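Build the full structure now, drawing on both the sequences and the hints.
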Amino acid sequence: EAGVTQSPTHLIKTRGQQATLRCSPISGHTSVYWYQQALGLGLQFLLWYDEGEERNRGNFPPRFSGRQFPNYSSELNVNALELEDSALYLCASSWPGQGTSVYGYTFGSGTRLTVV
Amino acid sequence: EDQVTQSPEALRLQEGESSSLNCSYTVSGLRGLFWYRQDPGKGPEFLFTLYSAGEEKEKERLKATLTKKESFLHITAPKPEDSATYLCARRANTGFQKLVFGTGTRLLVSP
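Protein chains in written order, with the numbering used here: chain A, 1 to 116; chain B, 1001 to 1111.
No lab work stands behind these hints: they were computed from the structure.
One or more hints might be untrue.
Restraint ranges, calculated between C-beta atoms of paired labels, are given here [said to hold, decoys possible]:
no., chain 1, residue 1, chain 2, residue 2, range
1, A, Leu39, B, Lys1069, 26 to 34 Å
2, B, Arg1061, A, Gly40, 22 to 30 Å
3, A, Glu51, B, Ser1028, 24 to 32 Å
4, A, Gln17, B, Thr1076, 45 to 53 Å
5, B, Val1027, A, Gln17, 40 to 48 Å
Computed far set for chain B versus chain A, every beta-carbon distance over 10 Å [stated by the list, open to error]:
no., residue
6, Val1004
7, Ser1019
8, Ser1024
9, Glu1045
10, Thr1049
11, Asp1082
12, Ala1084
None of the values given here were measured: they were computed from a predicted structure.
Where is the CB? At the ideal position from N, CA and C, for every residue including glycine.
Here it is, written out as structure tokens:
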């Protein structure tokens, strides 16, 4: 079974540009989560999508946005990039209604975004 | 507010030297306490979920335990391949599909 796949692996952008990160969940998983892991900080929750809808959002500015497609893959867009947006962006997926699941969710390997 | 605090930040062990990692959390309404392992440049890999005080889970050299306000990850006779960052997380009290993570413990096991 293929795991959660993210692309690209690495992305270098200039301050002020836009970045687009992509995520394909495990087959059958309908929920997709995005987390930011900046150096020295824990994973910070960004967004949760389920069945094509944004269900929850973390404490990030509106220039962080995304969407989920009918095949449940997802895209994270970061507009007007700032230097502090440099981080590992992790995508995870889970079965629907996995609020009480023992497995939490499954992470991809992430996209390393560097803003220069 | 949901909070998870891990200690120590970093831990260096000799191969075979057992130790424990700590994770303390805000108490109200725990719906699951998770342990993950993260290797450099990789996403976190699920290890354990604990739900109630007194619960224990084991996997190879790792054992996770839970009390009413903290969790421990015990590492028995570690090997160099156990070197990684170990992350603890709890389900948020609101929007419980999201996990609140600690900053992790970086473990280095020397041969």
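Each hint tested on the structure:
no., hint, in the structure
1, A:Leu39 - B:Lys1069: 26 to 34 Å, "holds, 29 Å"
2, B:Arg1061 - A:Gly40: 22 to 30 Å, "holds, 28 Å"
3, A:Glu51 - B:Ser1028: 24 to 32 Å, "holds, 29 Å"
4, A:Gln17 - B:Thr1076: 45 to 53 Å, "holds, 49 Å"
5, B:Val1027 - A:Gln17: 40 to 48 Å, "holds, 44 Å"
6, Val1004, "violated, 8 Å"
7, Ser1019, "holds, 21 Å"
8, Ser1024, "holds, 14 Å"
9, Glu1045, "violated, 7 Å"
10, Thr1049, "violated, 5 Å"
11, Asp1082, "holds, 19 Å"
12, Ala1084, "holds, 14 Å"
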